[in-house]
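Asker: Take a look at the letters that make up each chain.
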Amino acid sequence: MIKKGRGMACMWYPIGFTVMANPSAATVKVNTDGTATVLTGTVETGQGALTVLGQIVAEALGIATDDVHVVSADTDTTPMDYGAIASRTTYVTGNAVLSAAEKARQILFEGAGPLLGVPVDQLKAVDRKIEVLGFPSKSLGIDEVSQHCEAVIGTPSIGSASYNPPTVEMDPETGQGKPFNTYVYATQIADVEVDDETGEVEVKRMVAVHDCGTPINPMLVEGQIEGGISMGVGFALQEEILFADDGRQINPNLTNYIMPTSLDMPELEVGLVDNYDPTGPFGAKGAGEPTAVPTAAAICNAIYDAVGVRITTLPATAERVFGALQELKKAS
Amino acid sequence: MNTRMKNLNKADKTAITAKETSTPIDKKDSHKVPTDNPVTYPREFPQHESRMNTQAVGQRATRPDGRLHGLGQTQYIDDIKFPHMIHAKILRSEYAYAKIISIDTSAAEAMPGVFATLTGKEIPTNSFGPTLQDQPVLADTIVRHRGDGVAAVAAVSEQVAEEALSKIKVKYEPLEPLFDVVESFGDDSPRIHGGDTNVYASKVIKKGDVEKSFAECDHVFEERFTTQMVEHVPLEPHASIASWDGNGRVSIWSSLGRITLGRQDIARTLDIPQSKIRLVGTIVGGNFGGKNEITNEPILALLSRKTGRPVKAVYTRGDEFVSSTIRHPFVMDYKTGVMNDGTLVARKIHILLDGGAYCSWTGTTIGKGSILSPGPYNIPNIYVEAYAVYTNKTVTGAMRGFGAPQVCFAYESQMDTIAEKLGMNPLEIRLKNAFSDGSSSPTSQRLQSVALKESLNQASERFGWQESEA
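Residue numbers (this note's numbering), protein chains in the order written: chain H, 1 to 332; chain S, 1 to 470.
Because the hints were derived from the structure by calculation, they are not lab data.
It should be emphasised that the depicted structure is a prediction, and the values quoted were computed from it without experimental measurement.
Positions of the beta carbon are idealized from the N, C-alpha and C atoms, including for glycine.
Where hints are given, some of them may not hold.
Stretches of chain H that chain S covers, calculated by requiring three or more beta carbons in the stretch to come under 8 Å of a beta carbon on chain S [as the list claims (entries may be wrong)]:
1) 8-19
2) 53-64
3) 77-84
4) 209-220
5) 231-237
6) 294-300
Below, simulated DSS-like cross-link-like pairs (lysine-lysine); rule was C-alpha separation at most 30 Å, straight line [said to hold, decoys possible]:
7) S/K421 <-> H/K3
8) S/K121 <-> S/K99
9) H/K330 <-> S/K421
Here chain S stands alone, though its shape is the one from the complex (with noise of 0.2 Å):
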């Protein structure tokens, strides 16, 4: 140990005794600190010997913004504030697909604090979506979902915004919308977009002969297994503040989780160079996929090019829920071929997903989806189908798993069923059937670095999964 980690060694002993919340505050000083204010912040900097190894790979590293967050110092954007800054807020639609016939914001605009409102006409390119643009960044033709929003309001404060959205006066003419995803594949559904299908991704995946295997094998299972609507729920809402500058470079603080494209897709809606735009990705108070595109970034920016103020909206948790994307709903019908001893020979699946008013995330699900949905089984014979459709319901798009949760669902559920009707161990299948280094994958892709065996070994034995056999 050299003399440097020595010394890091005695700061850290120093520190650990230390009693943070309690150092008494100079009597000097008192007079900048508020004395009911019982929060002091800590004048020693605990070091840990996880940190200070320097064989770093491995180690149980403490994480510098975890000590942050424990002690409030953390900036999120809700904590974030600029001179002169104002506060936005956005209309939803009333209706879940309608046209708009006009939006009249005068009203909001005339009431006092209101600094400016904003509608989708307004902005330069209004669409966005990472593989489709086909979302509005502001509605302004017709609404396709409740979460859809339809003008923008600048005020003093939040409240104001809030209630200048309740004086804009949206007229609308209500189209029949369509819930059902099964109904949105049919062929006699109305086109929610337009063209002559309400599908808009489709993926394929084709390994072998199925029909033929199907045919050949000793047992065949179907079954269908459906999954539902679930929200990231992270704790901090989608957040943001954008701030126009002399000399027209706008400043955005965003809980985006993709910067690089998140200033590509601002750029496009904005019309403006890429070298004009700061995009700062602030501490986020969880992602789990909800916040990899743009929401109201453009909004904010171009209220604040009109007011010449910095402007910050914080999404409600109602927002939230019904303006940011979702889980999609899988629909996936299994039917899997298999040997007495076990072996499965083919897997037929076929998946429809519930896509929502727009396509956001849904070009890698579907593909995730796809790819994944026979499991990490060595199966000869593949056939996977997949389908897309437009709903008008809230946005389907990227959260943790891209839709391998569904299917994982879906294959696990039917391995159970396979092994009691052959009278298997569930363990014992899935260890006849399982990838290993070399494995094909669906794909033909040849595997490397495979630790499932392993995985379902050390699982088993830690839950004592033979030891507890009925």
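Only chain H is shown next, with the shape it has when bound in the complex (with noise of 0.2 Å):
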């Protein structure tokens, strides 16, 4: 018979290396033409990092997203970056971008503080233009601007600049300390169905709900959460490296190693907490690892309101689940 269940689970995240200095570099050239470059060091590793980290500067700097161009990943061209680890590169590259983007942007500010005739800290980068603030019909193009500082003046529109998560070391006897700047939190609840008779479990449906700081970019941040369960599906339910007597893997390949596909997929929703971190680029923080944190906790949770067995073990096979019903058939 198919029993129905519900469950939830909550986590904490940390955003970088533990305690460790974890640094970031960039740089950002903005082109005479109000266009950007910006290198960095870190890897595209299919998540978007490199979406996100334009983005950041495009703000910075009033322009779009596609004003901007991402050099990324060349030992010979990119500043160093500690890579693409630890869900870091939002928060630790996000604010080295910030920082270099703010650079360049006050080379702007000064090459057109004398041409608009007030002091550079009345100035804002908005909408492709060098603005007075309060004052927006006064304005100049950021070309304009560009153009100015590196060919009038000789002041290339370029910044440079690094940052590091700040921690305290963890005492040794009591751990004790600051090991990360900042967390992120989240919650996913899982409803399950599971055949009592065969121990199946199948998860209909998972509802997540993350905190990422400001989501930079709203799509990408889905797209990981939802790749971080169909990760926890398969930790929760399917996958395992079996080993022989002999130490030798039994299933290294994907026709005995099970992971879950897209037939397995819960139905998702998907959402995100309101939230700004102060100390983040634009109130931002992290979303890559945390998405597949609950995400076995919740549907185990789940196997137990259905049919009353906890699962201690995982992964919850069919064949686990099913043992633990026997169990508790002999046990009542």
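Join these two chains into a complex; the hints should help.
Answerer: Okay, here's the thing in structure tokens:
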């Protein structure tokens, strides 16, 4: 008989390396036509990091994402970066590209101030213009200003900066310290169906509400969450590397190592909490790893709710759930 | 909207209506394009509104790389070819734990189509690792798991290289392997890396007084949770190309996710200055933590130096499973003290990490796993003790979450056990104990920008948690 159940799990997750310095550096150059080039040593691993970094620079310079070209991942041309790891790119590399863009913008302001007849601190970059604060009719195109800085004054608009999240070492005896600068939070809730004759579990629906600070690109955050849940479903129900007695892996292939396919994916409802972290670029934190964290716990809590067996060893394969159901029968 | 924006929007509309895949080929170009190949690359470039807005943050901006992936224009390493490039394969160990007595590559070298072989003894600094450099690039004295490479071959094709591997004769003296994490933690276990213990990383977190609190609280819950080994399974396996030039400088294209530290590691293994290495991180077909340390880059670099040719290697799915890193299995003992009203007052946690054959990213995994293990709850008394031990199994390293999915499985499963015993709603017990702004973490960090209760409430609302209550 098919039994229905529901279960929730929440979590917290840090951004960046544990205690260890993990800086990122970046360079931003505003071209004379008002477009910009970013140099970053991080690597695009499919998560859309370069798009996010471009959006951060565009926002700082008051130009569009498409006006920014991001060059990445070449030790001959790009500045150092500790890489696409530890959910750190939006936060750490993001803070670095933001500072670099602000430095480039400052050069534009210094060039535009005398032309507009106002002090440098009375300017802002918006809508592809350098504009007088509170008096938008007085402005110059960012292209004109950039051209002026480079070809008339001789100070091209280039900014370089780095960022490292501040931490405090953990005491070796007690572990007390500040290992990370910030954390993100999330809750996932699963709806499952369990066949109490076979032990088979099907995840029907998952609701996931995550905090990532400001979502620089909500579409990419949602993509991360959906991908994380698929990984979480595999961890919860299917995936396991098995070993023979001689230490050989038994299933090192995709025929016998069972991963979720699109057919195993539940219906997903993804939401983002409204939050702003003042230490992140435009309030952003990160979203990579945490999306896969609470899924297995939520599913196993739903299995318990459905059939009353507490799975304490992952994965909750049909065999394992069936075995637990048999134990439960014996006990009652 | 300025003129430029208007023009771009116009371009957008044109592009979207253009039929890109059926663009007729100009007659004058037709001799350049094979007529039996229906693929023509687009000549229109759509502009998306999401990328054109000058308020950039918060836009659902499309990815420039996404379109290239869709069109098949992205160049992964498997697509990159250089003139005179040859291919490498790595021979893996026949034993989980053994001494290497000898390696004879002469028959492989004599094979037509084979350019060079490489063994660990030829690698200037034959060790690597992000915290402990305990892993050989190619094992030369001892193999500690079945995924250890023992020799490499560079040949005219992957097939020839693969065949040449079967001609390499390795003599082993098998040792008694150790697979069980609990056994490895024991006092009498054989020491996989020598020394007086198999424990190679540990962490303690201590806050308040758990024992006193257990004695005073209303209920104590004790459970053991265990998790399994899983693979990252990126669509694109590990891949790299190395090309040593006439100035003694080596260029490496790699699927590595951290090139700055990767170049340092490669410079160390090759014993050459960092300035002599160009490392390019190519477009990666999935990482998930598995591509965060060097693998075969130094091997390819040395084979390229030996042969004077660019050398490429792409892992098979089998290589990916057995020789790349995987997720640490955890054995977790949770003991939690709770008051009748559901307030958590103490949590004592013991974690044993199956560290596999080498350290890799265990330091980070044990750190994050321990710090996060009490859960996002205000618990005044905490004691966490975690140990990572060597076993003769696949190397466990960085994987999406660094221990967090394992400990979350434990702390959140136990939250439901507690809620049921106390007759509380799972949402209620979580909200009662959840972190909020200003909460003190297990390491006594004052937390800011905490949005846990908001996520619990919003998720419950969207799910219809209260309505669906049985």
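Asker: Within a Cα-Cα threshold of 30 Å, do S/K121 and S/K99 meet the stated pairing?
Answerer: Status holds; Cα separation ~14 Å.
Asker: Has the stretch 77-84 of chain H got at least three residues whose CB is nearer than 8 Å to a CB belonging to chain S?
Answerer: Satisfied; 5 residues make the cut.
Asker: Counting residues of the stretch 294-300 of chain H whose CB is closer than 8 Å to a CB in chain S, do you get three or more?
Answerer: holds (count 6)
Asker: Would the hint linking S/K421 and H/K3 be met if the CA-CA limit is 30 Å?
Answerer: With Cα atoms ~22 Å apart, S/K421 and H/K3 stay inside 30 Å; holds.
Asker: Taken at face value, is the distance from the CA of S/K421 to the CA of H/K330 at most 30 Å?
Answerer: Satisfied, since the Cα-Cα distance of roughly 22 Å is no more than 30 Å.
Asker: Is the coverage entry for the stretch 209-220 of chain H by chain S consistent with the three-residue Cβ rule at 8 Å?
Answerer: holds (count 11)
Asker: Can you tell me if the stretch 8-19 of chain H counts as covered by chain S, using C-beta to C-beta distances under 8 Å and a minimum of three residues?
Answerer: n = 10 at 8 Å, threshold three: holds.
Asker: Please verify the coverage claim for the stretch 231-237 of chain H: does it have three or more residues whose C-beta sits within 8 Å of some C-beta in chain S?
Answerer: holds (count 4)
Asker: Are there three or more residues in the stretch 53-64 of chain H whose C-beta lies closer than 8 Å to some C-beta of chain S?
Answerer: Since 8 is at least three, the answer is holds.
When each numbered hint is compared with the structure, no violation occurs for any of them.
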